[in-house]
Amino acid sequence: MAALLRGLRAGRLLRGLPSVVAAPASTNQQCSSLRRSFHCAALRLQDESKSDKSSASSSSSSSSSTTHHEHYQAHSSHQDTEAASQQDPDPNSSDREQDEEYETEEQLQAQILAAALEFVPLHGWSMEAIAAGAESLGLSSASTGMFPNGSGDLVLHFISQCNSKLTEILAEQHNQVQLGQAERKKTADFLRDAVETRLRMCIPYIETWPQALSILLLPHNIPDSLKHLSTMVDDIWYYAGDRSTDMNWYTKRAVLTGLYNTTELVMLQDSSPDFKDTWAFLDNRIQDVVNMATTAKQMQSTGEAVAQGLMGAAVTLKNLTGLNQKR
Amino acid sequence: MHRAAHTALCDWPQFVRPAMIRQSLRCTGSLQTSSRAYSVIPPPRDREEEEMMHRMLRVDHAGEYGANRIYAGQMAVLGRSRTGPLIQQMWDQEKKHLAKFNEILAENRVRPTALLPLWNLAGFALGASTALLGKEGAMACTVAVEESISEHYNSQIRALMESDPERYTELLQMIKEFRDDEMDHHDTGLEHDAESLPGYWLLKNAIQLGCKAAIYVSQRV
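Here the protein sequences line up with chains A and B, keeping their order. When you line the first sequence up against the working numbering, it's residues 35 to 361, in that order. When you line the second sequence up against the working numbering, it's residues 221 to 441, in that order.
Source of the hints: derived by calculation from the structure; they are not laboratory data. Any given hint could be a false lead.
[What the hints assert, rightly or not] Not close to chain B: a few residues of chain A, all C-beta gaps over 10 angstroms, as computed:
no., residue
1, Ala149
2, Leu252
3, Pro307
4, Trp313
[What the hints assert, rightly or not] Which residues of chain B face chain A? A few of them, derived with a C-beta cut under 8 angstroms, are:
no., residue
5, Leu325
6, Ala326
7, Asn328
8, Arg329
9, Arg331
10, Ala334
11, Leu336
Idealized CB from N, CA, C, for every residue including glycine.
Okay, chain A solo, but in the shape it has when bound (with noise of 0.2 angstroms):
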């Protein structure tokens, strides 16, 4: 929504290309496949070449073209005109499909471990299930090249995206429940659900997720590993509705962790059909959790009761001693 605004306030003023190249730099990940489609859209409409330039300027016009038609037109005709006296249009479309697919080092880097992917079963989380992705892509296994710490950034790269679907899931059901179509869960219900949905995305490559465990705890994916860890504990109390501000912010997520880390590990030695094993631990987990936060509700408000015994003992002697008269 803010970005929209941003593309709006960008449409509206159109001084120039840095001032519209520079707002639509800081959009999330929607946004910037939105961009993308559009651009794509732009891109075979226009009969423009791939460049860095044109297309970020491109996809900049795009991006406002939702909100300003006319000077979408003005400024693409005007971009049109601009970029095909720079450089040559490029005759062969299926180029153009794959050339319009990545426009950063990093976009390409994605896409070839996204393709790696499919070969882990059969390579392991290794540099040849990378060198199968690039070559599935039409590219040289060479690309491997790209990747110095190559099964990490596989697993990496799996594990973001599995946190990214996680996140678009919890967001939904927030927005589903916000809307007044769907129940609030209760919080052991939904950190379970949460769990589970989450886990069940590692079971296509449950063969192989031992190996990528041991490569997440290697000492330099360490940081890295910790903090996709830290972030998808945390967005999960976010849509579970936490928003303490005390130690509580600490404790919970702490406690997650462990309920998230043992009930993966227990998934990975689990053979009964369809994880049931798995969920039933993850059930008593939770529970035990929910146990431990009841009683120690339960201590403190004890412990407050018996303080406040001990203030009315005290205060009492004061006032048979007479220490507590107003001076």
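Based on these hints, arrange chain B on the given structure of chain A.
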């Protein structure tokens, strides 16, 4: 909304004093902004700005939390003395600041500082120990702490103004409001004989050094 109206009604006695009329206008302003809390922090442009914002909010939240505990400590000792109502009044304002920061932290998903339990104990201990020195001790502690906090808010205001005053208008307004409240507390402390405490300069500088260290650490942890 009910709670805002309730606190407005409860705070009515403090609005009667002429010196507090300025403050009352500011208080109603802050009650209005609390219903628009979602717009105080602009959505972050990039990772760097988000980091910077979060660090600022984290340390401010820790500061208000600590101030809260300091007043709680002072009230525990001096609650039933003559200065009780005065300290209670200042404490109530700090509670409002803390509530506001809690709101902002929650909706912007900012991590609170991990040292909160430490500030809990340290704040209460500082408040209680200075209050044991008497009313002048408590006032001296208030002066020292409020001066540190005001200085801190001023440097934040400077930083925000330097980077982009228009983008952070609401945040700046809020921080300025809070800084003015803290300056009021500082002046109140001076009015009530803070400087007549023996060893005032020593105590004040020691407390301010502690506050500086606390701010430094809370920004990072």
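If any of the earlier hints don't hold here, list their numbers in rising order. 7
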